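Chemist: If you read the protein sequences in the order shown, they are chains A and B.
Position 172 of the first sequence, counting from 1, maps to 172 under the numbering used here, and the rest follow consecutively.
Position 173 of the second sequence, counting from 1, maps to 458 under the numbering used here, and the rest follow consecutively.
To be clear, the hints were calculated from the coordinates, so they are not data collected in a lab.
Remember, predicted model here, so these are calculated numbers, not experimental data.
Every residue gets a Cβ at the ideal spot worked out from N, C-alpha and C, and that includes glycine.
Wrong hints could be hidden among the right ones.
[As the list claims (entries may be wrong)] Cβ pair distances, simulated, as ranges: (1) A:Met125 / B:Asp542: 44 to 52 Å; (2) A:Arg182 / B:Val585: 40 to 48 Å; (3) B:Gln559 / A:Leu122: 41 to 49 Å; (4) B:Tyr331 / A:Ala27: 33 to 41 Å; (5) A:Ala141 / B:Ala577: 24 to 32 Å.
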Amino acid sequence: MTALQQAPVRIHPARRAGRYLVRLLLAAGAVVSLVPFLWMAIAATHSTSELFHSPPPFLPGGRLLDNLARLQDTIGFGRVLLNSVGIAVVHTALSSLISAMCGYGLAKYRFRGRGLLLGAVLATMMIPFQVLLVPLFQMMASVGWIDSYQAVILPFLANSFGILLMRQGFVDFPDELLESARIDGSGELRTFYRVVLPCVRPQLGALVIFTFMAQWNSFIWPLLMLNSEEKYTVPVALNTLTGLTRVDYSGLMLGSLLATLPLMLLFLLFQRQFVAGLLGGAVKG
Amino acid sequence: MAVPTTCDRPVAPTRAPARARRRRLRPTAWIFTGPAAALFALFFAYPLGASLLQSFTTEDAGATHWAGLDQYRRLIDDPAFLESLVNTGIILVVQVPVMIGLALVLAVLLNQSWLRFRGTWRAVYFLPAVTTLVAYAVVFQVLLKTDGGLVNQSLGAVGIGQVDWLNSPAWARVSLIASLTWRWTGYNAVILLAGLQSIGKEQYEAAAIDGSGTVSTYARVILPQLRPVVLFCVITSTIGTLQLFDENYVLTRGGPDDATLTPVVYLYKVGFQQLDFGYAAAIAWVVVALIAAVSALQYVAFGRERRR
């Protein structure tokens, strides 16, 4: 016990100074990282004129509810928030399922066209999606889907990153277990849902979080697809506020804060899965 | 594999049933991969082909004509496009190295074994990467506002005059580079940190026993092993820069005077504001070619890495 307690005391003074320097540098970086968020939170509770006042406000003010009411007035924030949640939830559920199934198919079956499919998956990761914008827009216009939710959700349901992430998870799944499920008379789909899927929960968790975040943040495609204000998602609605002659900065900051908070919460709650998913392709290579 | 297959068909272990079994399995494979394959065909392969064709056409009064390589020839004399390439080059030469360098320092600092609350530090640094795009743009516009923005007020407090962050070409580039660095440094640091953590503890200990200090241990023993991960970060950042759209579109719309214009923002403007679809498609395919070239370089570099 005494040896353990004494251990920290034995650190050389120079080394201890070094440790404080490291902490100081990390803290300075953290401040830079966090100031925009803090400023967003503070600004959301002030009026626009207070925001650019000199000196600027450093403490929360009393205009939060004013700003919220104005946001509801100008862009119907409640409705817009509901649209974003609905689109993100439907998209995430469908996309995760499709990606998981495809990853499983690629990992556990040999079939004609497998190489082609794998090639397509890799190609979508290399090609910037803006290349597809014009033709996709023309496609949606020709079937009359402009200003519809399905036009926002459908084109990006098949997610290459997700497919590769899930494939990686399924590759290690023992074939013997699949065979024994087959011998027990379980159908292929049933085996997938009952036996295989529960075993890759970590990867599936990472995929769900990633997909939700990506859809929640998605900006250009919904901007092109949605025309009527009552169908807007949060980023699209906030964007309309930036183009006005007298920009309502405090309203925008509150809207931005409310748009970011769900993501921050998701990230902080599921940090481990998130980082694991992020590293799926990075460190193994 | 051997045990289950014999269980599957215990009577006749010849080749014919094996082929029959494979044939039976094939439809099942497509049940799993079919939905994604159909979506790729419809929403990736088809528009991709359409855009390639489009890049060889021109539209005149609603009618589409074959234009050969005309659209690509236009690019060579288009000052806006050349400017967008120059801007991309500046970001590649200035921002990517600065960001990767900072991320590397950050990762090494976070990797110190005595550091407590590492998860919290990591989360704080990663947070900028999960910000909603529009929120990120709005907060930087407010921070960098020339008249009364927090940055200019802070500079004013130490006696530095107003800087026109987003409206002067040179400063707009600085602002874009700074905000890109703010958003992505932590992201890269987390990847590099994971790389550092995959290097065995015994290597640090062995170096320490040999009398190597912390700094020289990192410089001579640890960082050389991190090369593949650093390379991964450099490559993804380079491809990200070549595709840059979000940050500069929402922050400055590519302006002022095209100082923050990138090829993809230009593509978007040409396609959806000037409705010049053929030209937009040609720009898109130049970007694809650039990314393919970088990926080929990556392949060569990684190949050399493996041979070592």
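Chemist: All the hints need checking, so say for each whether the structure fits it.
Modeler: Okay, the hints, checked on the actual structure:
| no. | hint | in the structure |
| --- | --- | --- |
| 1 | A:Met125 / B:Asp542: 44 to 52 Å | violated (34 Å) |
| 2 | A:Arg182 / B:Val585: 40 to 48 Å | holds (44 Å) |
| 3 | B:Gln559 / A:Leu122: 41 to 49 Å | violated (33 Å) |
| 4 | B:Tyr331 / A:Ala27: 33 to 41 Å | violated (52 Å) |
| 5 | A:Ala141 / B:Ala577: 24 to 32 Å | holds (30 Å) |
Violated hints for the displayed structure, listed by number in ascending order: 1, 3 and 4.
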